[in-house]
Structures are given as C-alpha cells and as structure tokens.
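Keeping the supplied structure of chain G fixed, place chain D upon it in accordance with the hints.
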Amino acid sequence: MTEDRFDEWLQRAAKGFRPPPEPPREEMWAAIVAGLEAEPDAARAPEPRARRAWLRPGIGIAAVLAFGIGIGRWTAQPKSPSHPPVAVTVEATADERPVTPLPYRFAAA
Amino acid sequence: MEQRLLIRRVLAGDPAAARAFYDRHVERVYRLVYRLSGDEELARDFTQETFIRAFQWLGRFRGEAALSTWLHAIAVSVTLNGLRKFRRQRDHEVELEEARHRSAPSSIVEPDLRERLERAVAGLPEIYRVAFILHDVEGYTHREIGALLGVPPGTPKARLSRARTLLRKALSAYAEEYAS
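Chains as they are written, first to last, in our numbering: chain G, 33 to 141; chain D, 35 to 214.
Bound conformation, chain G alone (with noise of 0.2 Å):
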C-alpha cells in the first residue's frame, strides 16, 4: 500500500477512532459545583501557562550556570606536561602502611 492510499485508509478509519458515549451531563455538573465549593482558594494558583511562563527565565540562568562552570572547569585545567607522566609507586612494608590516604601523601610531598 503506498504512503498517500495508507494515510487515506489511516483517515477513514480514524473517524471511527474511540466513538465517544453521551456525557454523563448531570453527574458531571454536580461533580464540578461540589468541586467548586470544596477548593475556593485554588482561584489563586497560577494556570499551567502561567507557571511555565515565569520558569522560562530561570531555565534560561540555570543554562547560563552550567555553561559558566563548564567553561571555568575546562580552563582551570592544566595544560598537557611537556614530558610524558611517570608512574610513581610506592612499597610499603606491613610495618609501614600509609596512614593517610595515597593521594594527599603525593601532594603532601
């Protein structure tokens, strides 16, 4: 079947889609007076819309931020040594094991 006679079929048979049954008017209505009357302060709270709209902004810093950092991280890195690094290792007897961890050890030398 080609792209356009599947999208003509696809358009007849989607008429048919979920056929919706007749509202249930009454009980609904009823549903919404009470639901009404139950939350007179949600008036107040912001729309959908409006909650997206005033996130936009801090979206917007928050990539800003995290640019920043990447850019301060990828400059505060040090430039490739001229010579090529060496493995230190060090031996330690039973007796002599580090008390400190291996790393401030290095940096502490």
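Honestly, the hints are just simulated from the structure, not real lab data.
Just so you know, these numbers come straight off a predicted model, no measurement behind them.
It is possible that some hints are incorrect.
Here are the simulated DSBU-like cross-link-like pairs (lysine-lysine), alpha carbons at most 35 Å apart as the crow flies [said to hold, decoys possible]:
| # | chain 1 | residue 1 | chain 2 | residue 2 |
| --- | --- | --- | --- | --- |
| 1 | D | LYS203 | D | LYS191 |
| 2 | D | LYS119 | D | LYS191 |
| 3 | G | LYS47 | D | LYS203 |
| 4 | D | LYS119 | G | LYS47 |
| 5 | D | LYS119 | D | LYS203 |
| 6 | G | LYS47 | D | LYS191 |
Relative to the frame of chain G, chain D by itself:
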C-alpha cells in the same frame, strides 16, 4: 447569549450563566477528553477538572484566543497530566498482576480494525498520539493544535507525520488486507 456577556455574568456569580457556559461547551470538551483518554471514568473526571479550573481561571481570560481554544487547552493539559499520573499507578498494578498470573494461558482473539487501531495508537509515544488524535480524529488544524499545546504550528505537523509513519509500520499488513 453573547459570549462576553455570558462570561461577565459567570464572573458576577450568576449560577444560571455558569450552567449555560457548561452546557455550551461540555459536549465538545467531553468528546476531546474521551478520545485522548479512551476511558469513560477518566473522561468524566478530567472533564469535571477542566470545568473547575475554567471557572476558577475565567477571570484571567483576556480574549486573546477564542474561548473554546482556551478551554480546550485546559482540557488537554488536565487530561495529559491526569493520564501520566494514572499510567504510572496502573503500570505498577499491572506489574503486580502480571507477576501473579505469569503462567496463565493467553486467550487473545484476533482483533478487528477498531481494536487494531486502538492498540496501535495507544502504542504511540504521547506527543505523536496527541497529534494524531487532535488532527486526524478530532479535526483540529495544525495552528489550533499549536495553540492548544503551546507550540509553534510546525511542531504538530511534524509530529503528525511521524505518528502516521509509526502507524503505517504497525498497521500496514492489516491495512492492505482490509483494503483488498
């Protein structure tokens, strides 16, 4: 009654106007919500929630869009949020149920067109499913869908195209058989 006058009367606390507002829009909202959710009970809950929100926020309606677009945008938002919550809960329950009946024999009957389409649409990712239902089933234009979802009009068009491609893959064998 003219729409602006009706809104003014609703905001002034006139119960008859509120009921008239509800009567004017309930059928379309319920149909939209039912088509998105596919479940009578959920459609009822989401329709109620839509109207509760609409009455609470009606004072902020500035008339920048058509009232129906504003109301349907609330309906779509309420429905999609509600469905996400419902599915998380249901998936957990289904997992528990499946674990209980893992060895039970399956008795799947060959589904007809409606069931196949229902399954294929239900299997689409949400953004494509919504684009397909709003455009091909409910008949909204791409511009209207963009306004409902808060996205540019090109976005629903691209999503619909992707939805149709995915549905073609899922249904092509059956569509050929059905068309012949």
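Results for each hint:
1. D:LYS203 - D:LYS191: Holds - the C-alpha atoms of D:LYS191 and D:LYS203 are around 19 Å apart, at most 35 Å.
2. D:LYS119 - D:LYS191: holds, 27 Å
3. G:LYS47 - D:LYS203: Holds: G:LYS47 and D:LYS203 sit about 20 Å apart, inside 35 Å.
4. D:LYS119 - G:LYS47: The hint holds at about 28 Å.
5. D:LYS119 - D:LYS203: holds, 29 Å
6. G:LYS47 - D:LYS191: holds, 19 Å
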